[in-house]
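A.B. asks: The lines below spell out each chain.
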Amino acid sequence: MSTPGTLKREPAGAPAVADALATPVRRRSPLRRLTARLSSGAAQTLLVVVALVWITPLAGLLFSSLRTEEANASSGWWTALTDPAQLSLDHYTALLADSGILRSLVNTVLISVPATFLVVAVAALAGYAFAWLEFPGRDALFLLVVALLVVPVQIGLLPVAKLFGTLGLFGTIPGVVLFHVAYGLPFAVFLLRNYFAEIPKEMLEAARMDGGGEWRIFARLVLPLGRPALASLAIFQFLWVWNDMLVALLFANTSTQPLTVALQSEMRQFGSNIGVLAPGAFLSLVVPVLVFFAFQRHFVQGVMAGSVK
Amino acid sequence: MTATPAPTAPGAAQRRRRAQRRKRLVAWVFVLPAALLLGALVVYPVLFSVGRSLFDATGTRFVGVGNYTEMFRDPATLRAVRNSTLWVVVAPVLLTGLGLVLAVLTEKIRWATAFKLLLFLPMAVSFLAAGIIFRLAYEHDPDKGVLNAAVTAVHDTFREPAPYPTARAREGHALRAGPGGAYVTASPASPGEAVTLGFVGVAPGELPGGAEPAEPATARGDALGGVAYLDFAPGGGGTEGAVDAGESGLPGMAVEAVAPDGTVAGRTTTAADGSFAFGGLPPGTYTLRLPGENFAEPYQGVSWLGPALVTPAIIGAYVWIWTGFAMVLIGAGLATLPRDTLEAARIDGANEWQVFRRITVPLLAPVLTVVFVTMVINVMKVFDLVYIIAPGPVQPDATVLATQMWLVSFGGGNDQGLGSALAVLLLVLVVPAMVFNVRRFRRSQS
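As they're listed, the protein sequences go chains A and B.
The opening residue of the first sequence carries number 39 in the numbering used here; numbering runs sequentially from there.
The opening residue of the second sequence carries number 77 in the numbering used here; numbering runs sequentially from there.
A few of these clues could be false.
Unchecked claim - Per label pair, the in silico range of CB-to-CB distance:
(1) B/488 with A/147: 47 to 55 Å
(2) B/471 with A/140: 26 to 34 Å
(3) B/284 with A/91: 28 to 36 Å
Worth flagging that the hints you see were computed from the coordinates, not collected in a lab.
Don't be surprised by glycine CBs; every beta carbon is placed ideally from N, CA and C.
All chains, full assembly: derive it from the sequences and hints.
C.D. replies: And the structure:
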């Protein structure tokens, strides 16, 4: 069983969490077939209902984002199912012509890409050191990392805001990135250290015998072997930062704010701003959802492993 | 440690020491970036917050645990503590239960992969987008909010909506307002008489289909009768309080005949032309009453984002996001269960419920615990969803520890002493999880 915070190496043969997405094949005894079929009929119906319940709010967002202001003010989005004439891309063209929204979309990219890259890089270095290098205080330091796994970001808001204020980082994109990197690190280091620790010792020793320096071993051996964990970590971290609102709400200003914060500031007049909020929300979720469908396996593993964060 | 026998020992030892030092140096270089970031932005803030929480708002006066006692005195923060407790009690149980049931059910269907993908999808969506999604879904107006549209549709299939929510009696004529939104006749009537009940305030388009023009009320034998009609002639003209040509009857209106002692002696509904009659009433005088149910406002659904339901409503949105996670994790555990044990129980005659209750759940206990604990930790820190979904005026009713910490520190409260204390409280609440993680890690290493 995989528990949060652990990520099994795939070649080990243990069932990875993502395998749960595949339906297990079972054989039933003939005696049971009838009752099984009946109960599966009930299960089918129930799950169809659940699936509809889950999809309806998303459909609501999509349709609301495609309907005119007047249509949204006077009737429900579901009327568009029978009257598709209500639908248009007007809100989207207006949104993409809005320089403030575009700026915030660029900011989202400028924050989430470096934050992801830095977490993976810094954690990979530390993870390798914790797994395979010897230095005084190593075990105590790693226990500290384990303890920091569940520290809520709230504890850092005030002190780091003061610190960034004196360093001139408050309101800047590097400030937001650094905060995300720091609070992503405990989980990242923990994950990678555990993954790297399962690399067979003989492989590393052979590489050292061949005269490879630690840098060389790290770059040529550890990173390629660790690719599944690095990918899951990168996807989890990217998603976390892309979707963040709280950190940027405090550490960014109006010219450095990401899309989530820009949209949040429109929430006050929710009713009259649906024309901005609905397509904006859809725009903000398109990228994570594409990542989800493109990297299902790494995505599920990353989210599973990082869920304790 | 191996002894070095060679005569060149001092040189070799020195070289080894130097190599050792170099190795340590390399190790520190590997760890340094992470250590610096964690030290400056995580460890130092924890210590700073603990210290800051012992000072007052300005940060100059030491107040000891004053901020912590204030937390449970101040009504706003107390509210946050209560709401957070509700979150922690309800959400993890709901999610674990729902995840378990769905994980078991998906084993019975062929499209399990598609189903799991769909339910896991909200995990990719930001809390902000989910918040906007649910602000739309929870919209109060049943013509806009999908949830209230569903609720009113269900409600109206079980209880017919009132036929004339906008109708009022023509003033100064047969009817006067009674209790409970009802109308009663101003003067009593006896069997054999006919009354004329004029109404206004119904737009022609709102008349029920099948409404026919009204006939002036005429007595029919010894029945107490009359007509309920719309006292408005299209195109103008006509006399107030009298049935004119072209004026429509009001069908489907409930009419009660009330005896002087207050008992209801008869009840009927008006016909297509608005006429009605009570046959076989005992002699005497009766007041005619048109109960309030004729004129009740249409059912408007549930006020999801009102002060009373806002927290459960936000928990609902949270469940939408996290159920897929719980289901997939529990499903992974389910896949590792020994099939033989389950089959054996079934062959021994256990039904599906018994198998589920006696075998599946106990065997899954470790996974269920992990899911539950994970959800407790996550729920305690919930911020964005509450901040986004609760409308401004309801925000104080929905507030939780994380939003309160934000409000107190940055959102106008500007009391960084109390804010730090709330942040420290959040940290203290996850300390059991911290201890659990450290213990589990040490066990896995030994």
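A.B. asks: If a hint holds in the structure, say so; if it doesn't, say that too.
C.D. replies: So, going through the hints one by one against the coordinates:
Separation of residue 488 of chain B from residue 147 of chain A is about 32 Å and departs from the stated range, judged on CB atoms against 47 to 55 Å. Between residue 471 of chain B and residue 140 of chain A, the C-beta spacing of about 30 Å keeps the proposed range 26 to 34 Å intact. The supplied range of 28 to 36 Å is met by residue 284 of chain B and residue 91 of chain A, whose beta-carbon atoms lie about 34 Å from each other.
This entry does not satisfy hint 1, going by the numbered hints stated previously; all others are met.
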